[in-house]
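There are 2 protein chains.
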Amino acid sequence: MLDNEKNCAEALTLEEIGSRAKAASVRCAVLGTDKKNQVLQRAAELLIECTPQILEANERDWKLAVERQMPKGLLDRLTLSKERVASMADGLREVAALDDPIGSVSGMKRRPNGLLIGKMTVPLGVIGVIYEARPNVTSDVFALCFKTGNAVILKGGSDALQSNIAIVEVLRRALLECEVPEDVLQLIEDTSRETTKKFMHLDRYVDLMIPRGGAGLIRTVTTESTIPVIETGTGNCHIYVDSPADIVMAVDIIFNAKTQRIGVCNAAESLVVHRDIRSTLLPALELRLKEKQVELRADRDSCEFLSDAVAATEEDWGAEYLDYILSVKTVSNIDEAIAHINRYNTGHSECIVTTNYMHAQQFLREVDAAAVYVNASTRFTDGNEFGFGAEIGISTQKLHARGPMGLEALTTYKYIIYGNGQVRS
Amino acid sequence: MLDNEKNCAEALTLEEIGSRAKAASVRCAVLGTDKKNQVLQRAAELLIECTPQILEANERDWKLAVERQMPKGLLDRLTLSKERVASMADGLREVAALDDPIGSVSGMKRRPNGLLIGKMTVPLGVIGVIYEARPNVTSDVFALCFKTGNAVILKGGSDALQSNIAIVEVLRRALLECEVPEDVLQLIEDTSRETTKKFMHLDRYVDLMIPRGGAGLIRTVTTESTIPVIETGTGNCHIYVDSPADIVMAVDIIFNAKTQRIGVCNAAESLVVHRDIRSTLLPALELRLKEKQVELRADRDSCEFLSDAVAATEEDWGAEYLDYILSVKTVSNIDEAIAHINRYNTGHSECIVTTNYMHAQQFLREVDAAAVYVNASTRFTDGNEFGFGAEIGISTQKLHARGPMGLEALTTYKYIIYGNGQVRS
Numbered sequence: 001m002l003d004n005e006k007n008c009a010e011a012l013t014l015e016e017i018g019s020r021a022k023a024a025s026v027r028c029a030v031l032g033t034d035k036k037n038q039v040l041q042r043a044a045e046l047l048i049e050c051t052p053q054i055l056e057a058n059e060r061d062w063k064l065a066v067e068r069q070m071p072k073g074l075l076d077r078l079t080l081s082k083e084r085v086a087s088m089a090d091g092l093r094e095v096a097a098l099d100d101p102i103g104s105v106s107g108m109k110r111r112p113n114g115l116l117i118g119k120m121t122v123p124l125g126v127i128g129v130i131y132e133a134r135p136n137v138t139s140d141v142f143a144l145c146f147k148t149g150n151a152v153i154l155k156g157g158s159d160a161l162q163s164n165i166a167i168v169e170v171l172r173r174a175l176l177e178c179e180v181p182e183d184v185l186q187l188i189e190d191t192s193r194e195t196t197k198k199f200m201h202l203d204r205y206v207d208l209m210i211p212r213g214g215a216g217l218i219r220t221v222t223t224e225s226t227i228p229v230i231e232t233g234t235g236n237c238h239i240y241v242d243s244p245a246d247i248v249m250a251v252d253i254i255f256n257a258k259t260q261r262i263g264v265c266n267a268a269e270s271l272v273v274h275r276d277i278r279s280t281l282l283p284a285l286e287l288r289l290k291e292k293q294v295e296l297r298a299d300r301d302s303c304e305f306l307s308d309a310v311a312a313t314e315e316d317w318g319a320e321y322l323d324y325i326l327s328v329k330t331v332s333n334i335d336e337a338i339a340h341i342n343r344y345n346t347g348h349s350e351c352i353v354t355t356n357y358m359h360a361q362q363f364l365r366e367v368d369a370a371a372v373y374v375n376a377s378t379r380f381t382d383g384n385e386f387g388f389g390a391e392i393g394i395s396t397q398k399l400h401a402r403g404p405m406g407l408e409a410l411t412t413y414k415y416i417i418y419g420n421g422q423v424r425s
Numbered sequence: 001m002l003d004n005e006k007n008c009a010e011a012l013t014l015e016e017i018g019s020r021a022k023a024a025s026v027r028c029a030v031l032g033t034d035k036k037n038q039v040l041q042r043a044a045e046l047l048i049e050c051t052p053q054i055l056e057a058n059e060r061d062w063k064l065a066v067e068r069q070m071p072k073g074l075l076d077r078l079t080l081s082k083e084r085v086a087s088m089a090d091g092l093r094e095v096a097a098l099d100d101p102i103g104s105v106s107g108m109k110r111r112p113n114g115l116l117i118g119k120m121t122v123p124l125g126v127i128g129v130i131y132e133a134r135p136n137v138t139s140d141v142f143a144l145c146f147k148t149g150n151a152v153i154l155k156g157g158s159d160a161l162q163s164n165i166a167i168v169e170v171l172r173r174a175l176l177e178c179e180v181p182e183d184v185l186q187l188i189e190d191t192s193r194e195t196t197k198k199f200m201h202l203d204r205y206v207d208l209m210i211p212r213g214g215a216g217l218i219r220t221v222t223t224e225s226t227i228p229v230i231e232t233g234t235g236n237c238h239i240y241v242d243s244p245a246d247i248v249m250a251v252d253i254i255f256n257a258k259t260q261r262i263g264v265c266n267a268a269e270s271l272v273v274h275r276d277i278r279s280t281l282l283p284a285l286e287l288r289l290k291e292k293q294v295e296l297r298a299d300r301d302s303c304e305f306l307s308d309a310v311a312a313t314e315e316d317w318g319a320e321y322l323d324y325i326l327s328v329k330t331v332s333n334i335d336e337a338i339a340h341i342n343r344y345n346t347g348h349s350e351c352i353v354t355t356n357y358m359h360a361q362q363f364l365r366e367v368d369a370a371a372v373y374v375n376a377s378t379r380f381t382d383g384n385e386f387g388f389g390a391e392i393g394i395s396t397q398k399l400h401a402r403g404p405m406g407l408e409a410l411t412t413y414k415y416i417i418y419g420n421g422q423v424r425s
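Each protein sequence line maps, in turn, to chains Z and L.
Note that the working numbering numbers the first sequence so that position 377 is 377, with each residue one more than the last.
Note that the working numbering numbers the second sequence so that position 105 is 105, with each residue one more than the last.
Isolated chain Z, as found in the complex (with noise of 0.2 Å):
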């Protein structure tokens, strides 16, 4: 009884959590930029004007994450500071300087009979978003879908619920003095498994389901979600060093793409490698990458030509390590490298280093994920690095969106036609 009697109130509570995000969607949808300008740069101003009240959530729950001895990693997202919020702050501020892609018309043509047609830019309408304990999302993701008119609904991890709790108080404070629906961002503050299975079921309400965090969130939520999902983040990021190649520069770009940085999807995991360069390429490259201790493993026709490198499985050719770890494979030709990228990869961000014209052409056209570089570390797949100013992630998936997911990611179309009495005969 009492079970039930618990079912039936979450069921409601999410019940009118989607209900009020889909009625605040439709004002949303028609906001002009400059009042949503006006909400962002408020926003701003909030959070720094708020930052005590924040720190001091977040130190709540900082000291519970250190009690259940989180991992010194992860500790670290959750963790803000004066500076971070700032930051946070920051982050509104460029969203709010970006264009609003909401309203434009392209495409206008007018047809035989007259009727002049066009595709018209529109919100999506109600973004779930389903994230870890880094409270920055937060803010971030409230900029991005609030300014493409879009209402979202926000389940951030347990770990982070008092940051989001004072982060999201202090956004909504920012929609009410602007006299915005609140109800454009809202919290799901009950973080439980049930609840947060319940919410990928919302489908009523919920247009478009985003997770933000590592393969096992997105793997559940993708399984789970009866709302359209979009796949972020992991990445099985290859380099083919071609024969022949700049070896100086195939160097630079490997030690790059595996070590600015390594919890990250765009860096490299694997080196696939044309066995007529292995003598130059590899010894200056296990030389290199030694300053950063990274581990080789790499298959038998490349193990001759490193002098640490351990052998290396057919697990670790799927395997996306976020470590100092990179898998070596060796190939006779650059339709093999295709291939057993295109087998391997995840979608995400793959690189041809070669002198070679033809290969070059022959990789981009035939290498099937969201960036397909020659010459380039596959660190730039990033909506900053392409040039669209934010991003809500990198979609790694084909349908709607991907790659680095700007403003334009959280929009879609419809037509408008302007007639003067047209039938159909």
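FYI, nobody ran anything at the bench for these hints, they're computed from the structure.
Source: prediction; values computed, not measured.
Watch out, some of these pointers could steer you wrong.
Claimed, not checked - Cross-link-like lysine-lysine pairs, in silico, BS3-like; alpha carbons within 30 Å at most:
1) K198/L / K198/Z
2) K119/L / K109/Z
3) K82/Z / K63/Z
4) K72/L / K82/L
5) K197/Z / K22/Z
6) K82/Z / K35/Z
7) K22/Z / K35/Z
8) K197/Z / K198/L
9) K109/L / K109/Z
10) K22/Z / K119/Z
11) K197/Z / K197/L
12) K109/L / K119/L
13) K197/Z / K72/Z
14) K109/L / K119/Z
15) K197/L / K198/Z
16) K198/L / K119/Z
17) K82/Z / K72/Z
18) K197/L / K63/L
Given chain Z, work out where chain L should sit, using these hints.
Just chain L, lined up with the frame of chain Z:
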């Protein structure tokens, strides 16, 4: 034991179909436009050449359908003739004549660090299509998917099985003759519910699932499929007649949108009328609609001005009649009209008839649907009418593609990046 064996055999077969489609899609993705057009032209020739065999197979379907007492409308859709096969061949030639979207690069820009970044249009991969007993869909869908470099797996209605087998055989012969992997086109011949269900779970191989048919089919696929689905085809379309409006134009548009063809998704199902123009519009409209014996189901405020209307119930507002029936709802102003439409529509096509500039712009902006019209019949929502040259369906959802889907809806993109040694700092 027998049951288990049967299940295993079926699973293997579908698994095989999927894996073959995936392998074929890789080769199909890089086919040149000339080669693809050659296949489509040859397929058109072969359809004409093999008309007798196709008609013979169709007759077997037809006899069975008559025995099973298939309703007349469905039987008409199932039946092929020499002319209908010729029109299928014309369809293939028309798609051959369309521009190939694959491989084109847009938005190429140089970043401050010298990277040259652009978006290349690429195929989705493998597309699944589930449809009913309309054998012409078999060649239409193949043409659109193949022209966009995708492999396709078809599951047609059991009533059209012999026809579909015959058509697919002809199309695969064209592929074989042109030395393109035949497996870019495969038909699932086991039309059992069980196999269809398994097909909808083939997410390992299939990138996109498109159901083509009635509301029941579409609901089943969206609920069951673990593959991303594009919903097509249900339309509860409204015409809102504002005050002031050109009454003659309004009557023409409503008459056309309601009666020009009743069984289609872009036909009007509901009239929303401003109370101030009821007395002029409704009697004139009723008289005109009598020509086609259209039944009017009106709310109380409109019934006053109609001599033969029946009282509408709540259910009428959400109904897609696909019949000579029109619901009539009275509103006091444009806001009420927009709210009513946004509540009950299915995201297809909506129209305002008005002479008021501000109302026209407001309606275009605020109504949430794939196609929003001012002063024109909703019957124009169609790939050909919009100038796309062909159409795989009309999407009533917001992600990836919305409204009439031409070739572009069957593509995605990847970012290509030309560098000269750039690394990230």
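Exercise. Looking at the structure, which of the earlier hints fail to hold?
Worked result: Hint 16 alone not satisfied by this model.
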